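Generate the whole structure from the sequences, applying the supplied hints.
Protein chains: 4
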Amino acid sequence: MRYGLVGSTGRMGQEIQKAFVDHTLCLTVNYEGSWSDGGKPDVIMDFSNPSCLPETVRLCREHGAALVIGTTGLKDSDFEMLRELARQVAVVQSYNFSIGINALKIILANYSKFFEDWDLEIVEIHHNKKKDAPSGTAIMLQNATGRPCPMHSLRIGGVPGDHNVIFSNEGEVLSFNHRAISRSVFAYGALRAAEFAATAKPGLYSFEEVLQCSLKKS
Amino acid sequence: MRYGLVGSTGRMGQEIQKAFVDHTLCLTVNYEGSWSDGGKPDVIMDFSNPSCLPETVRLCREHGAALVIGTTGLKDSDFEMLRELARQVAVVQSYNFSIGINALKIILANYSKFFEDWDLEIVEIHHNKKKDAPSGTAIMLQNATGRPCPMHSLRIGGVPGDHNVIFSNEGEVLSFNHRAISRSVFAYGALRAAEFAATAKPGLYSFEEVLQCSLKKS
Amino acid sequence: MRYGLVGSTGRMGQEIQKAFVDHTLCLTVNYEGSWSDGGKPDVIMDFSNPSCLPETVRLCREHGAALVIGTTGLKDSDFEMLRELARQVAVVQSYNFSIGINALKIILANYSKFFEDWDLEIVEIHHNKKKDAPSGTAIMLQNATGRPCPMHSLRIGGVPGDHNVIFSNEGEVLSFNHRAISRSVFAYGALRAAEFAATAKPGLYSFEEVLQCSLKKS
Amino acid sequence: MRYGLVGSTGRMGQEIQKAFVDHTLCLTVNYEGSWSDGGKPDVIMDFSNPSCLPETVRLCREHGAALVIGTTGLKDSDFEMLRELARQVAVVQSYNFSIGINALKIILANYSKFFEDWDLEIVEIHHNKKKDAPSGTAIMLQNATGRPCPMHSLRIGGVPGDHNVIFSNEGEVLSFNHRAISRSVFAYGALRAAEFAATAKPGLYSFEEVLQCSLKKS
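Chains as they are written, first to last, in the UniProt record's numbering: chain F, 1 to 218; chain Z, 1 to 218; chain Y, 1 to 218; chain E, 1 to 218.
No wet-lab data here; the hints were simulated from the structure. You may find that some hints are simply not true.
It does not matter which identical chain is meant; a pair holds if it fits inside one copy or across any two.
[As the list claims (entries may be wrong)] Straight line, CA to CA, 25 Å or less: simulated BS3-like cross-link-like pairs of lysine-lysine:
#: 1; residue 1: Lys216; residue 2: Lys113
#: 2; residue 1: Lys113; residue 2: Lys201
#: 3; residue 1: Lys113; residue 2: Lys18
Please read all numbers here as calculations on a predicted model, not as lab measurements.
Listed below in structure tokens is the structure:
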């Protein structure tokens with residue numbers, strides 16, 4: 001796979017380069033300038049910031065390249081731009097490229113009904129610099145279960161992010177536990193999204209849809 | 001629901017009576033003798049031993065009662081008897097009535113493909129009286145993932161039974177953890193099976209199928 | 001060891017008999033009546049209720065037997081009675097005979113200073129019938145650390161009782177996790193207390209002191 | 001505190017600079033050359049490699065600076081050099097500067113006797129690049145308990161390093177769980193060692209002794 005990278009010198013750009021080590025970086029865009037090996041990328045990765053989006057979209061059109069976009073803080077007008085582009089190429093957009101969290105969301109949405117008469121509580125643990133509680137991910141997981149429940153937020157040390165969804169009845173406990181090991185967590189999800197987008201039909205996809213599609217392939 | 005109970009004085013029979021506290025026991029069968037309030041049971045529970053099966057089946061036919069059977073060590077001829085009965089009434093047969101373990105088996109069978117390029121290991125913990133390792137449940141869960149993996153068996157103190165199925169890649173860990181709290185674990189599953197069987201069409205069902213059916217109801 | 005048991009027919013009395021299977025029950029006291037094999041007990045166990053205490057103390061004096069008392073709700077006048085008795089025989093009194101919890105309390109009291117610049121939070125999990133939160137044990141453990149900290153109480157299913165004391169700094173997490181498996185948890189601690197009391201000098205001992213003494217023996 | 005840093009441009013040197021952000025770096029030594037602000041350091045940090053040791057020792061003597069050394073693979077002749085230096089200044093030497101692991105080692109050495117009739121097993125989890133099993137840290141913790149026990153090694157994904165020491169009897173489980181979050185784990189321990197060394201009497205100290213001393217201060 002040949003890929004382009006918007007924001008290649010930033011922290012996220014560097015994590016992506018590590019995870020994409022078996023693929024060819026052929027185009028970069030940075031504040032300092034751009035570079036290209038002259039060939040066409042199959043997919044362009046953009047985990048930078050909304051102000052870069054117009055240039056990113058222009059490059060996707062120019063090269064007929066798919067787009068994987070993990071930029072946060074997108075506005076309605078940004079989504080409009082993405083929908084336009086998605087008529088021409090595959091676009092994968094998500095605010096959370098963790099494979100584990102997205103898989104868990106799908107599993108909870110499909111199977112929480114098994115446990116509808118069990119008790120449910122969620123515990124999440126993050127580093128002590130994190131200001132909001134509960135975490136956005138914890139709220140997303142709770143929504144996936146389809147019912148309110150007590151949430152517990154621990155803010156300790158340098159923990160990157162644990163999420164535990166715990167069901168229990170009189171005789172048993174079943175818990176779904178996710179631990180982010182490091183910042184590279186999103187980069188491996190981005191790689192899976194890129195591999196999907198490089199061959200997918202035009203359209204706007206969520207990361208959950210990318211995962212769901214992987215189930216259909218034998 | 002009105003239910004009959006084969007082996008009502010045994011340990012399992014007593015756990016069932018505790019879990020079925022909102023339902024009416026109307027028939028019991030024991031080595032010491034039998035008792036009936038004269039009415040018909042909707043379902044008969046048998047968690048005793050294979051030698052009781054012919055009498056159990058006879059009672060189901062006599063009353064048109066469904067059957068939930070958790071007896072272990074059934075032979076081919078016993079299954080033949082159950083299939084016969086299943087033409088007339090609903091029969092639920094399983095060696096493991098834990099809701100959590102059966103739910104986990106379904107989830108792993110359906111979604112392990114998300115993690116096919118992640119590492120996988122299973123850890124199970126049981127009391128120090130347990131002789132076999134890995135546990136039958138651990139093997140069943142591993143089969144559900146569709147691939148071999150390292151298994152670790154701890155045999156310590158009085159732990160009733162923990163099973164942890166752990167997936168990990170470079171950036172995250174997702175683990176599915178089940179803990180049996182007590183012997184009552186199976187009785188609550190048996191209750192769910194009984195509620196299903198009391199209104200189901202004739203047929204031979206696994207406990208997994210009972211759970212799957214609960215997903216279809218809104 | 002020969003032991004007497006006040007309240008032998010109650011739930012706690014039965015758990016004690018299971019844990020004391022290698023020792024000889026030679027005296028019982030119940031509402032229904034008393035029984036003795038005619039010989040002297042080395043120690044008398046009382047996990048019943050405060051109203052039995054005068055008779056228990058009388059029996060200890062009569063036989064020169066040590067006392068292990070786990071009765072809850074003792075009043076000042078009850079403690080006065082125990083201090084009196086302790087001039088003559090060894091008396092072990094505690095509201096919590098869990099070896100693990102008492103060991104953890106000692107460890108936290110001695111070593112929390114290692115982590116004085118780390119974050120600290122406590123998570124405890126109990127069954128959904130438990131009304132108070134946080135649990136008395138969680139408060140006791142927090143006191144042992146010598147500093148206030150956030151406490152999280154989960155009330156789910158039939159969990160007998162988990163306590164997790166979690167320290168973390170930027171680079172590591174150290175947690176001390178206790179799980180009660182069953183009601184027998186206290187009976188094994190009571191056995192250790194009885195073995196101590198049977199040979200100890202007269203005096204009033206806490207269960208922590210019993211454990212501390214076990215460290216001094218080689 | 002004013003500190004010198006041997007190997008300031010290496011990965012470990014950079015982690016140390018992050019952890020020592022409230023202190024003044026006044027001297028660096030690298031293959032590329034050396035730098036000094038002209039003043040005296042209170043302590044010199046060396047987490048580089050054995051070949052740098054003679055120059056490090058020379059600098060400690062010149063400045064009367066204490067030494068914290070975490071270099072691995074030291075030979076007898078290197079220890080001889082450290083013992084010589086320790087007549088003049090405080091020297092802290094360890095192969096593992098994790099506060100949590102060293103604290104756990106002390107706790108297990110002092111209190112495993114509480115659980116001498118309980119079962120014991122150790123589970124450690126590391127990334128799939130780690131070749132040896134069980135880990136050196138797991139062996140060290142087992143030695144601290146004073147008895148052999150089953151060890152389980154998981155090698156999955158990118159886990160930096162978990163160690164769980166699990167005791168259990170019939171009624172309860174007590175586990176001591178350590179998780180390394182990141183490579184910075186050793187840098188915070190090194191900081192504690194430096195703060196100790198800067199004011200300690202001459203002598204050769206282990207990191208365990210540094211921790212033990214912190215208990216004596218009120």
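Each hint tested on the structure:
Taking the shortest alpha-carbon separations for lysine 216 and lysine 113, both the intra-copy value of 23 Å and the inter-copy value of 10 Å come in at or below 25 Å. Proximity of lysine 113 and lysine 201 under a CA criterion of 25 Å is satisfied inter-copy only: 22 Å between copies versus 33 Å inside one chain copy. When the C-alpha separation of lysine 113 and lysine 18 is checked against a cutoff of 25 Å, the pair qualifies only between copies, where the shortest distance is 24 Å, while the shortest distance within a copy is 40 Å.
Figure legend: structure checked against the earlier numbered hints; every hint is met.
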